Amino acid sequence: MRKHWRIATLGVLGAAAMMVAGLGEAMAQNEQFMPRLTYRTGPYAPNGVPFANGYADYLNLINERDGGINGVKVAFEECETGYDTARGVECYDRLKGKGAAGAAVVDPLSTGITFALTEKAPGDKIPLITMGYGRSESQDGSVFGWNFPLLGTYWAAADIIMNYVAQKEGGYGKLKGKKISLVYHDSPYGKEPIPLLEELAKRHGFAFTAMPVTHPGVEQKATWLQIRQNRPDYVLLWGWGVMNSTSIKEAAAVNYPRNKMIGVWWSGAEPDVTPAGDGSKGYLAANLQAVGDQFSVHRDIYKSVYDKGKGAAKKEEVGQVLYNRGLVNAFLATEAIRTAQAKFGNKPLNGEQVRWGIEHLDITAARIKEAGFEGLVYPIKLSCQDHMGSARARIQQWDGTKWSFVSDWIEADRKLLDPMVAAAAKKYAEEKKITPRDCSKEM
Amino acid sequence: MLYREAGQFKTTYGDDQAVFPIRQDRWGMAIILAIAYVALPWLATDYFITSIMIPFLIYALAAIGLNLLTGYCGQVSLGTGGFMAVGAYAAYNLAIRVPELNLIVIFILAGGAAAMVGVVFGVPSLRIKGFYLAVATLAAQFFLDWAFARIKWFTNYTPSGSVAAPPLDIFGFAINTPDRRYFLILAIVTVMALAAKNLVRGRVGRSWMAIRDMDIAAEIIGIRPLRAKLSAFAVSSFFAGVAGALWAFLHLGAWEPLAFDINRSFLLLFMVIIGGLGSILGCFLGAAFILMVPLALNQIPTALGMPLSTAMISHLEFMIFGAMIVFFLIAEPHGLARLWALAKEKLRLWPFPH
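Residue numbers (our numbering), protein chains in the order written: chain A, 1 to 443; chain B, 1 to 354.
Misleading hints may appear alongside valid ones.
[Claimed, not checked] Among the chain A residues that face chain B by a calculated CB cut under 7 Å, a handful are: (1) Thr38; (2) Glu80; (3) Thr85; (4) Glu90; (5) Asp93; (6) Gly112; (7) Phe115; (8) Ala116; (9) Glu119; (10) Ser187; (11) Pro188; (12) Pro195; (13) Arg228; (14) Gln229; (15) Glu431.
Simulated from the structure, these hints should not be mistaken for lab results.
As the structure is a computational prediction, the values presented were derived from the model and not from experiment.
Note that beta-carbon positions come from the ideal geometry of N, C-alpha and C, so glycine has one too.
Just need the whole structure built from these sequences, with the hints factored in.
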């Protein structure tokens with residue numbers, strides 16, 4: 001009798017294994033596949049979830065409202081990275097070959113994973129869209145052929161924030177002798193802005209100190225004690241996940257004025273400020289896009305996605321900062337595919353074709369209006385050499401219940417960034433023995 | 001019956017001292033090697049090679065390193081991640097500062113650098129034992145993490161502190177496809193696992209085990225604790241260092257100190273404990289268990305078409321994996337290697353158990 005039971009178990013296991021093997025093949029042939037590296041668990045989940053939801057909702061909107069991108073349906077699959085680099089690389093390898101033409105574009109939402117994938121993407125010919133994050137020098141498309149830090153890098157972010165500080169103080173000349181501190185996540189993400197801030201400190205004569213916070217960032221007492229002693233004029237915050245809300249709480253505890261704290265665009269979402277309650281009032285942060293669900297794309301999403309019960313988020317979360325960033329990110333990725341389709345035809349495209357699309361991306365104000373993103377995002381145009389496009393952001397302030405803008409669009413100073421980018425990219429190219437592409441010959 | 005060695009006569013001392021004294025084991029090993037060297041590269045997908053086999057082999061190598069120290073010499077270590085980091089950053093600095101070095105030489109020197117650091121952090125083991133030593137090695141982990149995050153020279157002054165491996169080649173043969181990387185790692189792991197197996201069967205390994213079982217008795221019969229313990233730290237860190245260099249160069253490609261943080265050390269310790277302390281086979285079993293089970297659990301719901309959310313799948317993965325660790329430890333506290341040994345005993349008597 002026992003033996004029969006064993007044979008039955010083996011049979012069930014075997015059948016399960018066969019199903020696993022068989023289902024992998026059952027992918028539709030006429031769909032554009034987008035791998036989605038997400039993190040919905042772990043210390044960074046509060047920020048990873050809304051972004052992933054926004055992304056998913058936009059792709060669903062494209063499918064439900066338009067029947068795909070020019071009729072090519074978008075298929076996507078999420079893979080949980082937990083913000084862990086090794087796991088992110090595994091997810092990338094798992095998903096890169098799926099779909100009719102392979103992965104169109106990868107968007108890891110983690111600087112660490114971006115660094116690792118930067119080494120793999122050229123071999124696999126899959127473009128990486130790292131909107132507002134990633135390697136700052138990857139703006140140089142001649143060396144980093146497959147990286148696209150659209151809308152701004154960390155160097156651009158640092159420059160935009162310092163520009164705002166200068167505006168507030170009455171010009172860069174007034175910064176002399178001021179004290180600026182950077183509280184940063186001790187990872188490549190947090191360290192990225194340091195070279196640019198050091199350069200600015202040298203030029204404008206302010207004192208710059210960088211204060212690391214160890215991953216995941218719940219222990220910051222010592223850092224804020226130092227800030228209480230030094231009393232810097234401004235504190236820039238380069239945090240992510242639980243680190244942001246902890247910083248704001250600690251700032252409230254040492255009574256550092258929150259309206260002198262400016263977060264990068266990854267440190268200025270609802271999950272960052274709500275845990276600190278009233279302590280967050282007055283906190284400032286940069287934002288790459290707008291906040292709120294009053295845009296026409298949101299109306300379409302409510303109608304075509306949520307009313308059909310296919311929404312990824314809770315309805316009240318639609319329009320949050322990171323949700324909207326997910327939307328914009330998905331918008332740029334699908335527009336790139338659309339651009340590429342104009343050249344290669346309306347069919348599932350491979351990574352190389354999509355890269356052509358990103359390099360020739362030209363989203364005008366008219367197109368933004370047509371897509372329902374008017375006021376949500378700034379027009380952007382890319383080229384073979386310039387993989388960033390426009391680098392503009394606005395500063396927003398938390399009033400205890402909502403974000404509102406306190407500045408107009410501020411543009412990063414390309415005259416400052418470009419030479420630094422070129423120098424850093426050249427160093428990378430030498431280390432990796434890459435011969436830069438000649439962008440004047442590309443078309 | 002399957003494992004009965006009746007009729008296999010050992011006529012020389014060489015036969016008696018062979019690594020695999022039983023014919024079935026030799027055949028089994030030959031089949032495993034044939035699968036690893038021939039069948040897998042030929043049949044397996046790129047995903048299987050890059051995301052399962054490569055990390056599995058590197059983890060197994062690092063676990064062997066830790067097992068030599070903890071399982072054979074009895075010195076608990078929580079610093080394996082740190083020693084891997086030493087190997088990775090030593091390899092990086094050698095590769096970019098002395099570009100003419102051969103990749104194999106770089107890996108050996110990287111292991112050597114880790115061995116030296118390991119000896120330094122092994123010195124406290126001469127005075128302290130058990131949990132206290134674990135804390136001392138924890139200090140190694142944190143110090144090394146700190147050093148690679150803060151001392152800019154190690155990362156060649158890259159602005160973000162993340163470094164990338166240069167293009168790799170051996171005698172002009174570029175290591176750039178998953179299969180080539182796999183072969184290189186497999187060859188290194190084969191050689192080093194064999195070396196470890198022989199090391200623990202020989203004089204050095206026996207002196208480690210004597211220290212592990214009772215250090216005072218070992219000292220009385222003439223084993224010098226200083227030499228035994230420090231050699232264990234050196235060899236263990238050498239293995240960890242090579243594993244770290246492989247992890248950085250051939251698996252990740254670009255890395256930051258976080259890739260070798262305390263979690264990596266814990267993971268390796270779990271591999272050794274679940275695989276079996278004091279067993280080379282256990283290192284492979286433990287690495288396979290810790291690496292592959294979560295990946296399988298993560299993929300099964302999607303593959304079966306179950307409509308679960310990404311977060312739910314991830315939570316299930318943690319819960320089931322945790323339950324499995326507890327189950328295996330209760331079922332066999334001495335690890336998977338011991339389960340295999342028991343299975344062998346049973347197979348020997350099968351089908352006539354008594």
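Practice prompt. List, from low to high, the hint numbers that the structure doesn't satisfy.
Written response: Hints 13 and 14 not satisfied by this model.
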